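Sequences are here, hints too, so could you generate the full structure?
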Amino acid sequence: MTSALIIILGEVVEAMLIISLLMAATGSIGMNRGWIVVAILIGLAGAGLYADYFDAISDAFDGVGQELTNATTLFGVCLCLMFFSFFLIGQLRPAAPLFPLWVGIIALFGSIGLAITREVVEIYIYISGYLLSPEPVQPILIGGALGTGIALSMGALIYYAVSNLKRRQSLIVSCIVLVPISAGLVLQGVTYLMQADKLPAQSPLWDTSSLIPEDSVIGELLFSLFSYEATPTPLHVAFYVSTVGVMLLGMLLVSRLAASGQNNSVKYA
Amino acid sequence: MRSIRLFLTLTIIAIITLVNFLSSVRGYRQSMDEAETLFNEQLLENALLISATLPVGAPAGEKAALPPLSVNPRLDNTPGFQSLLVIQVVDDQGNLTFSFNTEAQAAITVLEPGYRDVNFDGYRWHTLTYRDTANERWILTAQRYDIRYTLAEQVVLQSVLPIVLSIPVAGFIVWLLIGAGLKPVIRLAEELQNKEATDLSPVSLEATPKELAPLQKSTNELLSRLKASFEREKRFAADAAHELRTPISVLKVQIHNLLEEWQNPPPSAQQLKIGIDRMGHLVEQILDLNRTSPDLYMAQFEQLDLFELCQEVVSDSYEQFMDKNQTLELLGEKGLIRGDRFAISTMLKNLLSNASKYTPEDGSIVVRVRSQDKEVILTVSDNGPGIPAAERERALERFYRSGQDRNPPNQPGCGLGLAIVKHIVDLHRASLTLGTPESGTGLCVKVRFRKPGQGS
Amino acid sequence: MKTRIPALMIAIIGMAAMSPTRGATPEFVIEIKDHLFYPSELTIPSGVKIKLRIVNNDATAEEFESYELNREKVIRGGRSGTVFIGPLPAGEYPFFGEFYPKTAQGKILVVDEI
Numbered sequence: 027m028t029s030a031l032i033i034i035l036g037e038v039v040e041a042m043l044i045i046s047l048l049m050a051a052t053g054s055i056g057m058n059r060g061w062i063v064v065a066i067l068i069g070l071a072g073a074g075l076y077a078d079y080f081d082a083i084s085d086a087f088d089g090v091g092q093e094l095t096n097a098t099t100l101f102g103v104c105l106c107l108m109f110f111s112f113f114l115i116g117q118l119r120p121a122a123p124l125f126p127l128w129v130g131i132i133a134l135f136g137s138i139g140l141a142i143t144r145e146v147v148e149i150y151i152y153i154s155g156y157l158l159s160p161e162p163v164q165p166i167l168i169g170g171a172l173g174t175g176i177a178l179s180m181g182a183l184i185y186y187a188v189s190n191l192k193r194r195q196s197l198i199v200s201c202i203v204l205v206p207i208s209a210g211l212v213l214q215g216v217t218y219l220m221q222a223d224k225l226p227a228q229s230p231l232w233d234t235s236s237l238i239p240e241d242s243v244i245g246e247l248l249f250s251l252f253s254y255e256a257t258p259t260p261l262h263v264a265f266y267v268s269t270v271g272v273m274l275l276g277m278l279l280v281s282r283l284a285a286s287g288q289n290n291s292v293k294y295a
Numbered sequence: 078m079r080s081i082r083l084f085l086t087l088t089i090i091a092i093i094t095l096v097n098f099l100s101s102v103r104g105y106r107q108s109m110d111e112a113e114t115l116f117n118e119q120l121l122e123n124a125l126l127i128s129a130t131l132p133v134g135a136p137a138g139e140k141a142a143l144p145p146l147s148v149n150p151r152l153d154n155t156p157g158f159q160s161l162l163v164i165q166v167v168d169d170q171g172n173l174t175f176s177f178n179t180e181a182q183a184a185i186t187v188l189e190p191g192y193r194d195v196n197f198d199g200y201r202w203h204t205l206t207y208r209d210t211a212n213e214r215w216i217l218t219a220q221r222y223d224i225r226y227t228l229a230e231q232v233v234l235q236s237v238l239p240i241v242l243s244i245p246v247a248g249f250i251v252w253l254l255i256g257a258g259l260k261p262v263i264r265l266a267e268e269l270q271n272k273e274a275t276d277l278s279p280v281s282l283e284a285t286p287k288e289l290a291p292l293q294k295s296t297n298e299l300l301s302r303l304k305a306s307f308e309r310e311k312r313f314a315a316d317a318a319h320e321l322r323t324p325i326s327v328l329k330v331q332i333h334n335l336l337e338e339w340q341n342p343p344p345s346a347q348q349l350k351i352g353i354d355r356m357g358h359l360v361e362q363i364l365d366l367n368r369t370s371p372d373l374y375m376a377q378f379e380q381l382d383l384f385e386l387c388q389e390v391v392s393d394s395y396e397q398f399m400d401k402n403q404t405l406e407l408l409g410e411k412g413l414i415r416g417d418r419f420a421i422s423t424m425l426k427n428l429l430s431n432a433s434k435y436t437p438e439d440g441s442i443v444v445r446v447r448s449q450d451k452e453v454i455l456t457v458s459d460n461g462p463g464i465p466a467a468e469r470e471r472a473l474e475r476f477y478r479s480g481q482d483r484n485p486p487n488q489p490g491c492g493l494g495l496a497i498v499k500h501i502v503d504l505h506r507a508s509l510t511l512g513t514p515e516s517g518t519g520l521c522v523k524v525r526f527r528k529p530g531q532g533s
Numbered sequence: 008m009k010t011r012i013p014a015l016m017i018a019i020i021g022m023a024a025m026s027p028t029r030g031a032t033p034e035f036v037i038e039i040k041d042h043l044f045y046p047s048e049l050t051i052p053s054g055v056k057i058k059l060r061i062v063n064n065d066a067t068a069e070e071f072e073s074y075e076l077n078r079e080k081v082i083r084g085g086r087s088g089t090v091f092i093g094p095l096p097a098g099e100y101p102f103f104g105e106f107y108p109k110t111a112q113g114k115i116l117v118v119d120e121i
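Protein chains in written order, with the numbering used here: chain Z, 27 to 295; chain D, 78 to 533; chain P, 8 to 121.
Derived by calculation from the structure, the hints in this document are not laboratory data.
The model shown is predicted, which means the values in this text are computed figures rather than measured ones.
The C-beta atom is built at its ideal place from N, Cα and C for all residues, glycine as well.
Fair warning: there could be bad hints in the mix.
[Claimed, not checked] Below, a sample of chain P positions facing chain D; criterion: calculated Cβ distance under 8 Å:
id: 1; residue: 45
id: 2; residue: 47
id: 3; residue: 50
id: 4; residue: 53
id: 5; residue: 109
id: 6; residue: 118
id: 7; residue: 120
[Stated by the list, open to error] What the simulated footprint calls covered on chain Z by chain D, stretch by stretch (three residues with Cβ under 8 Å from a Cβ of chain D suffice, anywhere in the stretch; the number is not a length):
id: 8; stretch: 96-102
id: 9; stretch: 153-166
id: 10; stretch: 170-179
Set out below in structure tokens:
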């Protein structure tokens with residue numbers, strides 16, 4: 027049961043977190059939520075494609091194709107989330123959005139699509155493998171139900187927490203929550219690159235695994251939410267900090283731009 | 078639009094799920110740890126049992142010397158029990174002296190006291206190495222890891238399963254309960270929605286809940302204030318007009334007498350007469366306007382032939398047209414409608430007098446009644462200056478008088494005619510359009526009445 | 008955004024293309040059979056980067072995972088995969104198969120001298 031719980035929980039929470047945040051944010055800027063459904067469908071289609079070519083991808087690049095694909099996907103999700111947060115900040119003044127709608131739609135497709143692709147492939151491989159084995163199914167079903175239940179509940183609570191805020195607050199809160207999520211995705215991507223020997227392995231800077239073990243439920247939740255890493259190396263920290271920095275600076279810049287755009291339009295009005 | 082019911086149901090269920098599931102995961106883990114300890118104790122007990130019963134130096138072949146172990150009667154019936162327990166006894170030289178349930182020819186685990194996980198015979202085993210100090214030998218007991226796990230899990234899952242299954246049930250019940258709790262809100266909303274525009278009576282709910290009482294109270298207060306001010310307005314205009322009638326009649330008589338007495342009345346006296354007539358007309362129109370207001374008119378609907386009614390009104394007001402040398406044509410056929418006789422003839426009078434007023438001398442006016450499958454259409458067209466399209470909307474307002482140039486200076490118009498017509502049209506749920514007649518100039522007023530029995 | 012995603016892809020593919028050529032990396036093999044790791048204890052030298060090949064002989068997929076090593080990799084049934092490990096200080100690094108954790112367990116022993 028635990029394995030099913032941990033796997034389903036980990037994958038679904040990560041996807042739910044992104045989806046519920048983006049859903050609340052798109053709701054508060056009055057964007058059509060149908061786009062999210064489209065993005066999820068894109069993700070499912072992507073997952074089907076990835077699963078189909080999984081073996082070929084795994085064997086590519088000297089057997090580290092899987093790591094490179096995962097890292098690319100993770101960096102892609104992070105980039106799309108970054109642009110989506112800029113898009114949201116650009117919407118702070120409803121009268122003068124800084125970016126056209128298609129920027130938001132593409133960022134939405136990219137982030138949700140790629141995230142779903144990654145999570146669904148993992149679940150698909152696990153479940154399809156399990157169907158081949160003679161083990162009893164009940165523990166897996168229960169574990170899966172527990173994991174899905176916890177993940178969906180968290181998604182619902184996050185969604186309502188953000189969408190019950192006023193428009194401005196909900197935009198700012200979702201952007202701020204997107205920062206550690208995106209940086210965490212980069213962190214996971216860096217680990218994959220190390221595993222594939224594309225980045226040098228280093229000894230960890232610190233070890234908090236005795237405090238919060240990564241295989242505990244809390245550790246797993248923290249991992250899904252913010253890519254909790256008990257033993258980060260200097261490279262991990264560097265990538266994390268720079269992603270956070272780039273996102274915060276970008277948001278600041280965009281909010282300045284949005285404000286000055288507003289002033290200009292007032293002047294010429 | 079966000080639904081309170083959905084919000085409450087989802088968040089409540091989310092919280093129930095989170096709390097229950099997380100605590101059952103915790104419970105599961107603790108129970109599994111307990112089971113682990115229990116199984117380890119079993120391994121130890123078996124080792125102690127062997128150490129106490131198995132004679133030293135028994136050869137490896139005598140497996141049958143040991144009666145079948147029954148660790149737990151429940152497990153006897155579990156498939157795979159045969160391979161649950163493995164026992165080996167090894168002497169200090171490392172020779173196997175006893176072996177139960179395994180074909181392994183060497184010690185299955187390290188000869189160092191303690192519990193360990195090892196792979197052999199194609200499975201993963203949890204092993205205990207026990208030092209039998211009295212007999213100077215090692216007793217090794219092992220249980221299959223997957224069986225231990227599955228057995229423990231079977232038991233523990235029985236306590237988790239109901240929690241998982243109960244969530245959908247809880248969700249359904251919460252949905253129903255919140256629906257029941259929100260009933261009064263929905264009923265209040267329905268009551269307000271179903272109110273007729275003229276119905277300003279207070280809303281009442283049976284057993285108003287505490288939270289809705291202030292809303293209901295303030296809504297009812299608002300309604301009663303609205304009603305009072307409506308009535309005040311209505312009464313004031315009606316009373317004022319009514320009160321003005323008497324002095325105006327007196328004035329009319331006086332000016333009549335005055336003009337009779339005067340041999341040669343000065344022009345200003347003539348002007349005075351026109352002014353008084355005009356005031357009289359205005360007061361009559363205000364009274365009509367109030368009387369026909371759809372908010373308060375107590376209509377008495379009956380089956381009417383619109384064409385017949387037109388004939389009556391036309392013959393009554395023929396003089397007006399004769400004075401200006403205008404031609405008046407009445408065309409059409411029988412058109413049955415449901416309407417209030419007084420209101421409809423007031424409407425016709427107003428339409429005709431408007432047409433006559435705004436059409437120059439020698440002009441022509443056409444009244445037509447047509448009956449179509451679902452409607453009876455009345456059109457009154459003149460060949461006067463008409464009303465520009467942009468102003469037609471405003472023309473129906475009270476005291477609107479289209480571009481002052483259109484109004485012949487001596488006309489006793491007061492700008493209420495079309496407003497009265499509009500009232501009566503609304504009262505009959507008919508539709509009113511102002512347009513241009515086919516001839517190209519003038520005004521064409523079109524009123525469409527639904528035929529009786531054609532929907533509400 | 009249009010230009011940056013391809014740029015990132017090129018960067019990653021570029022990194023893949025210039026695979027490290029600095030000396031031969033010692034290779035170790037772990038096999039999976041009946042959801043068990045063979046060997047379940049693998050001894051490797053400390054301070055050296057090694058290439059770990061995981062061969063899955065089962066029909067079902069398995070995910071090699073280790074929190075201590077910070078590695079996770081899915082290996083489909085009947086296939087193999089490569090994971091780079093180290094250089095590591097001496098110590099014990101447990102790993103497990105995330106899909107069948109109750110049997111698929113093992114550890115890597117990193118020792119100073121073999």
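Status of each hint after checking the structure:
1. 45: holds, 7 Å
2. 47: holds, 5 Å
3. 50: With a closest approach of 15 Å, the residue 50/P hint is violated.
4. 53: violated, 23 Å
5. 109: holds, 4 Å
6. 118: This interface hint is violated because 17 Å lies over the 8 Å limit.
7. 120: violated, 21 Å
8. 96-102: Three-residue rule not met by the stretch 96-102 of chain Z, so violated; n is 0.
9. 153-166: With 3 residues closer than 8 Å to chain D, the stretch 153-166 of chain Z meets the three-residue bar; holds.
10. 170-179: Since three or more residues must qualify, the claim that chain D covers the stretch 170-179 of chain Z holds, with 6 doing so at under 8 Å.
Checked against the numbered hints above, the structure breaks hints 3, 4, 6, 7 and 8 and satisfies the rest.
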